[in-house]
Amino acid sequence: MTGVLARLCSRAVALGLGGLMLVACSAGGGGNNNTASSTDVTVWSAWGGQELKAFQDVLKPFEQKEGIKVHLTTVRDANQLAINVDAGTSLPDIANGPTVDKVKDWVSKGVMKPVETALGDQFQNYMTNTYQALTTPPGGGKADLSIGVGSGKHYELMVKTQVKGLFWYNKKIFTGTAPTSFDQLLAINPSQYKAQKLFCVGLESGDASGWPASDMIDNIIMRQNDATFYTNWIEGKVKFTDPQIKLGYQTYLKEVSDQNAFGGRNTVLSTNFGKAGDPLFKTPTGCLFLEQATFIPSFFTQNFPSLNLKAGTDFDFFGHPSMGNSQYDGNVNGFYDNFAMYNDTPAARKLMQYMATTDAQQIWANDGGTLAAIKSITYNDPVYKRAAEVANSAKNLLVTAGDFMPADMQHAFWKSLLNVTKDPGSLDNELKRLDQVQAAAYKKS
Amino acid sequence: MDQIIGLDQIITALVAIVGVPLVLFGYIILGEQVIERLPDSMQEWIRPYFWALPAIGFATIFMVYPLVRTVILSFRNNGDTTWVGLDNYQYFFTFPDTLTSLRNSLLWLVFYTFFAVFLGLVIAILLDRVRYESLAKVAIFLPVPISAVAASIIWRFMFDYQPPGTIQTGTLNALLGTFHTGPVAWLVNSTTNNPALIFVGIWSITGFCMVIISASLKAISTEVLEAARIDGANEFQIVRLVVTPLLWPTITVVGTTMIINALKIFDIPYVMTSGAYDTDVIATQMFRQLATSHYARAAAVGVVLFIAIVPLLVVNIRRFQQQEEQR
Amino acid sequence: MSVRSTTREATGAQVRVSTLSNIGYRLQRLPLHIVIAVFVAIWIIPTLGLIINSFRSLQDMNAAGWWTVLFPPHGFTLASYEQVLQTENVATSIVNSILITLPATVIQLAIATMGAYAFAWMKFPGKDIFFIVIVGLMVVPIQMTLIPVLQFFQLIHLNGTIMAVWLAHSGYGLPFEVFLLRNYLGGLPREIFESAEVDGAGHAVRFLRIAVPMTIPAIASLTIFVFLGVWNDLLVALTYLGTSTARPFTVVISQLVTSLGGGWQFLTAAAVLQMALPLAVFIFLQRYFVRGITSGSVKG
Chain A
1 MTGVLARLCS RAVALGLGGL MLVACSAGGG GNNNTASSTD VTVWSAWGGQ ELKAFQDVLK
61 PFEQKEGIKV HLTTVRDANQ LAINVDAGTS LPDIANGPTV DKVKDWVSKG VMKPVETALG
121 DQFQNYMTNT YQALTTPPGG GKADLSIGVG SGKHYELMVK TQVKGLFWYN KKIFTGTAPT
181 SFDQLLAINP SQYKAQKLFC VGLESGDASG WPASDMIDNI IMRQNDATFY TNWIEGKVKF
241 TDPQIKLGYQ TYLKEVSDQN AFGGRNTVLS TNFGKAGDPL FKTPTGCLFL EQATFIPSFF
301 TQNFPSLNLK AGTDFDFFGH PSMGNSQYDG NVNGFYDNFA MYNDTPAARK LMQYMATTDA
361 QQIWANDGGT LAAIKSITYN DPVYKRAAEV ANSAKNLLVT AGDFMPADMQ HAFWKSLLNV
421 TKDPGSLDNE LKRLDQVQAA AYKKS
Chain B
1 MDQIIGLDQI ITALVAIVGV PLVLFGYIIL GEQVIERLPD SMQEWIRPYF WALPAIGFAT
61 IFMVYPLVRT VILSFRNNGD TTWVGLDNYQ YFFTFPDTLT SLRNSLLWLV FYTFFAVFLG
121 LVIAILLDRV RYESLAKVAI FLPVPISAVA ASIIWRFMFD YQPPGTIQTG TLNALLGTFH
181 TGPVAWLVNS TTNNPALIFV GIWSITGFCM VIISASLKAI STEVLEAARI DGANEFQIVR
241 LVVTPLLWPT ITVVGTTMII NALKIFDIPY VMTSGAYDTD VIATQMFRQL ATSHYARAAA
301 VGVVLFIAIV PLLVVNIRRF QQQEEQR
Chain C
1 MSVRSTTREA TGAQVRVSTL SNIGYRLQRL PLHIVIAVFV AIWIIPTLGL IINSFRSLQD
61 MNAAGWWTVL FPPHGFTLAS YEQVLQTENV ATSIVNSILI TLPATVIQLA IATMGAYAFA
121 WMKFPGKDIF FIVIVGLMVV PIQMTLIPVL QFFQLIHLNG TIMAVWLAHS GYGLPFEVFL
181 LRNYLGGLPR EIFESAEVDG AGHAVRFLRI AVPMTIPAIA SLTIFVFLGV WNDLLVALTY
241 LGTSTARPFT VVISQLVTSL GGGWQFLTAA AVLQMALPLA VFIFLQRYFV RGITSGSVKG
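Here the protein sequences line up with chains A, B and C, keeping their order.
In terms of the working numbering, the first sequence opens at residue 1 and continues consecutively.
In terms of the working numbering, the second sequence opens at residue 1 and continues consecutively.
In terms of the working numbering, the third sequence opens at residue 1 and continues consecutively.
Here chain A stands alone, though its shape is the one from the complex:
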């Protein structure tokens, strides 16, 4: 018995140990590519669907020309990168920049590498070609964390831009002239154009529900106040109970009221943002206008393949009307996609340089659904041509407030918008709560 066992045993142990070694090797090898690679680059992006496909199109020529393999992973949750940074585990070579509250910290820790280093001598070109507002701190300062500029260096490469706060409409239904003021907008009678209500709104978006509402209220607040007030609010220096912020909420509530919004509050809260615009193209027409960013046309075409919707002929937009203070009309809400380099490798540098070129960004623009960050890109799409003009003529391209608040604050902010939409009477309570969250969220812990 023992003899047989002994033999079996030794074989088993050998197999087992050999197996374990294989495991250890493959786990180690396949897991972390820490070698400064010139042949592979890892990229994380939050894009899916159409946006992802566009990015893949952009990467194809790069891979072919340079022979560098791009390992692209879709990472939706922006916090995941932060977890890895905190834990000191391996980071992707290139990924989106972090929320603004982390920029300073990561820059000082050397987590993000300067764009100047990545682009090398291409950097000057990048600076001249890109929209001013995306690369230059206002007033010529040395730092603006919201665009990734710290201690005189740039840490975020701007690749795509969106303009927000645009009012989209079905050209065949709304044949009137674009209103120039918000009051004019509210005064439009939808039944005049055979539509049921003024606005379509959709706030649902899983864990991020409420972000479209943030866009809406941001566009209101930035036109009711000057840019400094708006930026201060983002940085936690203005309380939520401030009368101007309260005014912003009250104005926002007019856009989602039972009276003005298609389907009333319940629909506003239950509808996914991507489907919010559907009533524009249905019969009977549900609403006249959808307030959304430049990326929304791809959702129109995707949801109504049989209608063959064409930009400019079937749908168009007008910019956000004035809130009554003409001196703030130059404040435009923009959103930009940026990349930061986290591992300084030859391959990563090449990719960063490529993404800053007109060629790359032209592909992005051609695939539709976005503006590039470079000013000189041409757009076939009439809608985007006009959107580019809006971006170019903006005095201040201001960011979306929620996206630049600390994660806690952003979440509470979005939730507050959902809550007041559901129950406008709770406004004062919500604002008080937000103050409480603000006090804790901006504390340096």
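Among the hints, a few may not be true.
[Unchecked claim] Incomplete in silico selection of chain B near chain C, CB under 7 angstroms:
| id | residue |
| --- | --- |
| 1 | 7 |
| 2 | 16 |
| 3 | 17 |
| 4 | 28 |
| 5 | 52 |
| 6 | 66 |
| 7 | 67 |
| 8 | 139 |
| 9 | 157 |
| 10 | 166 |
| 11 | 182 |
| 12 | 212 |
| 13 | 220 |
| 14 | 224 |
| 15 | 313 |
[Said to hold, decoys possible] Covered by chain B, according to a simulated footprint, are these stretches of chain C (three or more residues, beta-carbon under 8 angstroms):
| id | stretch |
| --- | --- |
| 16 | 41–55 |
| 17 | 74–87 |
| 18 | 118–127 |
| 19 | 134–142 |
| 20 | 172–180 |
| 21 | 189–198 |
| 22 | 209–223 |
In short, the hints are calculated from the structure, not lab data.
These numbers come from a predicted model, not from an experiment.
Glycine residues also receive a C-beta, built at the ideal position from the N, C-alpha and C atoms.
Chain A is already provided as a structure; the job is to place chains B and C on it using the hints.
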């Protein structure tokens, strides 16, 4: 683009599946060879530890040690550099968000547990009386093996809401439509959303309770029931006064399992509403704190959860000790 | 009253009941059948609705509910499935689910069986305390352990790998499995082991050639239980693999729900695919499945 299946991953998996039992196999055999050469008295106490070492080791690394660490972490700051005393707990008990999650977890605790067990009992008893019992049991049990993620998606469709006046695509609202009542925004409306989520939980787990209770039900001798009937008791009285008391031990076992489930619930609120509109529970709250790098706060939330479970821990251990005495 | 209880099992000796009272009997039982029918409907229809929806196009789903397929035009299509399987990460994640589930199951059961044997058949100081701790651990919520285990994985450089999840699942599942298997092993007849011992068989042999084969029924049931538990798991994978390319199907689905491009057509097909394996296991291995559940709670 990356291929779908990494060859090295498959090899790793295969090696694990085959290799681990083999390694353990070898561990035992080799170990025994060594142990048998030791003096008897030493064998007595080395051997059990040798055998139980992997199990105890894993349990320690993955449960005991983390438990202690989490409790400690809850009294420190997020960067784990200084002590902050009760700050994290204070946060938990003063912020409306976290308080809401506490309230919701209590709702789950009470209603999920009660209805899962109650319905399991009722259905077990009812099905016991019909010939197509096995078939019906399959139907009720079907949601149990389904993941909470899939169940959440199933019910998101059921709860779908379209504006009033348009065609309802959600089953429940369509049903309401045939009775000429307006559609309800089940997941948004604060009176209906928590009950809706809890109902999905109950729906998923009732089959589990039913199967266990049914097994015990079948073990009740028919003579006892016959005797009661001969004594003139009607069916309801029999259920109430004879069956239920006899099933009580099983009901408590199932009940405690359900309570633990209720407190730990995560998937359903996370997938269906992400905790929005006040449907947050303790587990989703903790995950959010974790995901935003507030590790110490997350630890505090975890400790609160643990404290809620401690009574059950005691109950379980006591029951175990009682059973041991009977062995 | 008496009609109901006695005609349930009509024996030969029973008086043949007249047709009229037979109908009366059935009518009395009608409420029972109706109630059961309602329950069965509530439990089956939602799942059925989803499965049907997964075979419809997005436009159909937006236009009307799933019950309309019962009437022409029926509009069945496999488009959703095609789209889902082509979606970024989905196919990979399904494979990942398999690569996670199988090893995790094997590892924990192997370790648990060994440990259960020790607790069942060996005496050692502290055995009772260890076992009580294990019983207690069955109740501890996983959330309590997430952060330190995350840091532990970072320490040993396993962060974001599938191996991490294998180990994590094993650690979390062991208490229950050791508990269950110990009870079962403890119930095996002592004589068999004693006679083997007399024959000169050491513990290793006794374990591998006697205990394990006799425990196969319990292990089989437990395997299914564990397998499905890992296949369906969301929280553990989300925490340790949230962004890794190694994340399983459940995580990808929950992320699809939040995604910017996610449409309902993706979710229906994805959910059905995810459910397919557990349902198949359940349908074909019902007996073991149910036994696994009942043995744990009733006997234990």
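Hint check:
no., hint, verdict
1, 7, "violated, 12 angstroms"
2, 16, "holds, 4 angstroms"
3, 17, "holds, 5 angstroms"
4, 28, "holds, 5 angstroms"
5, 52, "holds, 4 angstroms"
6, 66, "holds, 4 angstroms"
7, 67, "holds, 5 angstroms"
8, 139, "holds, 5 angstroms"
9, 157, "holds, 6 angstroms"
10, 166, "violated, 10 angstroms"
11, 182, "violated, 16 angstroms"
12, 212, "holds, 5 angstroms"
13, 220, "violated, 13 angstroms"
14, 224, "violated, 14 angstroms"
15, 313, "holds, 5 angstroms"
16, 41–55, "holds (count 9)"
17, 74–87, "violated (count 0)"
18, 118–127, "holds (count 7)"
19, 134–142, "holds (count 9)"
20, 172–180, "holds (count 4)"
21, 189–198, "violated (count 0)"
22, 209–223, "violated (count 0)"
Of the hints listed earlier, those the structure fails to meet are numbers 1, 10, 11, 13, 14, 17, 21 and 22, in rising order.
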